[in-house]
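Construct the complete structure from the given sequences, taking the supplied hints into account.
Sequence lines, in order, name chains A and B. Those letters in the first sequence? Residues 1 to 439, per our numbering, in order. Those letters in the second sequence? Residues 1001 to 1160, per our numbering, in order.
Hints are computed from structural coordinates only; laboratory data are not their basis. Note that beta-carbon positions come from the ideal geometry of N, C-alpha and C, so glycine has one too. Be aware that a few hints might be false.
Said to hold, decoys possible - Listed below are several chain A residues computed to face chain B (Cβ distance under 8 Å; list not exhaustive):
id: 1; residue: P30
id: 2; residue: G287
id: 3; residue: H291
id: 4; residue: A406
id: 5; residue: L410
id: 6; residue: L424
id: 7; residue: Q427
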Amino acid sequence: MEGRSVSTEVIHDPSIRSRFERAKALVSSPAGWLVVAAIALGVFLRFHAFDFPQSFLFDEHHFVNNARNYISGRADQNDHPPFGKLLIAQSMVILGDTPVGWRLPSAISGLLTIGLGAVAAGRLFSLEAGFVAGALLGLDGFLISYSRAGLLDGFLATGAMSSVVLATFPSTVPLAALGGVLTGIAMNIKFSGVAVFAPVLVNILLTPQSNARRIRTIAFAGLCATITYFLLFSYGLRVVAHPASVADVVAKSRALLHHHLELTDMKNPATSGWVTWALPVRPLVLGYVEHFGEVRALTSLGNVVVWWSTVSLTLALVGLIVWLGIGRILQPSDEKRSGGVRAFVQVHGRSICIVLSSALSFVAPWVATHRDSYIYHFLPTYAVLVLISAGFVAAQTARLTFAVLALVLLVGAFYAPVWSFMPLSPQAYHARLFLESWR
Amino acid sequence: MALSKDHAVAVIVILAAACIVIFGRRTLAVGDSVGVGFTLVPQDAVALACSSDGSLSDAKCEYDGAGNPIDTKEPLRPVVLTSSRDVVLLSGIWASAGVQDWLQEARRRERDERVEVSCLVKYIGTMHDVAVRFREHDAFGARVRLRVATVSECRVTKKE
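Right, dumping it as structure tokens:
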């Protein structure tokens, strides 16, 4: 790690063969077995009783009903841009108007998030970190629950992860254009998807090149984002036979934005302030079905080991970066690899900046405004922050990494029933969601 | 591939995780206490009934499988749970003080009111091949499998 230049810090380029050999060795190591088990359990939980319940979960009615509207050429009544509902509609056209049809795009998106997260952590930190990221993202209830519901936020998490992957490559014009296209797509799911642009922007700024070139690249990426946004939105309007000119997209977007800015009363019992997401105080129960002496539920509560360690590490990192200054952490470091937070920041300063730019951009709208906020607004932020946890855990001793993975697996197993609608007794349900505000 | 002591620990952790998923959910077991809610009207005291040749811990239906009355002190009564719409058989609803007081008062005043009832019940098992009815002169329905519980205590929580 020593003596690495700033521009190439995140680019690991040993031969493909040697990386493959290392990956093989990692999979067959004891920690590798735990990683495989955690991912396998996580994938199982994403699909167990996938079509249960046959009725809508949480906010699915907003998106599935409007996907139905797109299919039958009726107006979209929802307050988000069209693309997320068009994805659900496409799935319903192929698989039918069934719970599987409603939810499969989210499941695919959830699997992509795991894969992209592993690639991102592998490139940002180390190959080991990539494996650990796969396990942490795979066996987390926040991500699992949003892979099982026909909702939009899982798509944003995938978008966030994709742009972090892009930012692990040295910035070029085609790559920036791709980042712009990703941003346009994400903004077409929810406006907050604009945050997908942050790591692309940070990567452009951190890649050694002239300022004029930087400005041109940023402008080009922004142009790609804008064009993509307009094309997709316009397509959504055309599907329902609405006027779809640039002016129409602008007018419709302004109306939606205005509507969102007025939602500030925080009276919905599901709302939660962004500060409370650290615990979290109010994860959402996306589905709850009670039978005699049995409960089947789906909670968005994450894997508490991953959640609490990720939040603690992020707070420590942000504090340290404020203390040391951005400039100092971006300098090439002679720090020997060690398990401390400070050493981690100094070795991986650039990578941490890329991830934090994505994480902070996704929470910024809720910090900066009084717009009603819900825990699911934290999903993309949380997903990318897990990458930092993975990098940090992988930088520890093999024994400590093993212990963390074992704990994640055991806690994941304990929470498995409430992440996948497995029947359990009310007492067992309460034991898992032990805070009243979690139920 | 050489397997080390750490591999053995990994296997133990994975097996422990599998056991937690499979056995750690504590699904409903005989003897468990469960809180339930349902509604009653005074006529239910004679209307709710079941028919079966089986019994569970001395709990029996009011009628045998052929529909003949059985002499039993606290016959099982079918109720529809408010939260899940599940049908369960309960023994001792009308013997519980809260329900008895309400029923006597309703009969004295000749009031045909529907009330919400919350009970703590003890699950005693599943009865197979049982038919139920919810109106006094109705025929029994199809034979099904139903969960059976004995009432520990009940209270009338809300009058509609």
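Outcome of the hint check:
| no. | hint | in the structure |
| --- | --- | --- |
| 1 | P30 | holds, 4 Å |
| 2 | G287 | violated, 14 Å |
| 3 | H291 | holds, 5 Å |
| 4 | A406 | holds, 5 Å |
| 5 | L410 | holds, 6 Å |
| 6 | L424 | holds, 4 Å |
| 7 | Q427 | holds, 6 Å |
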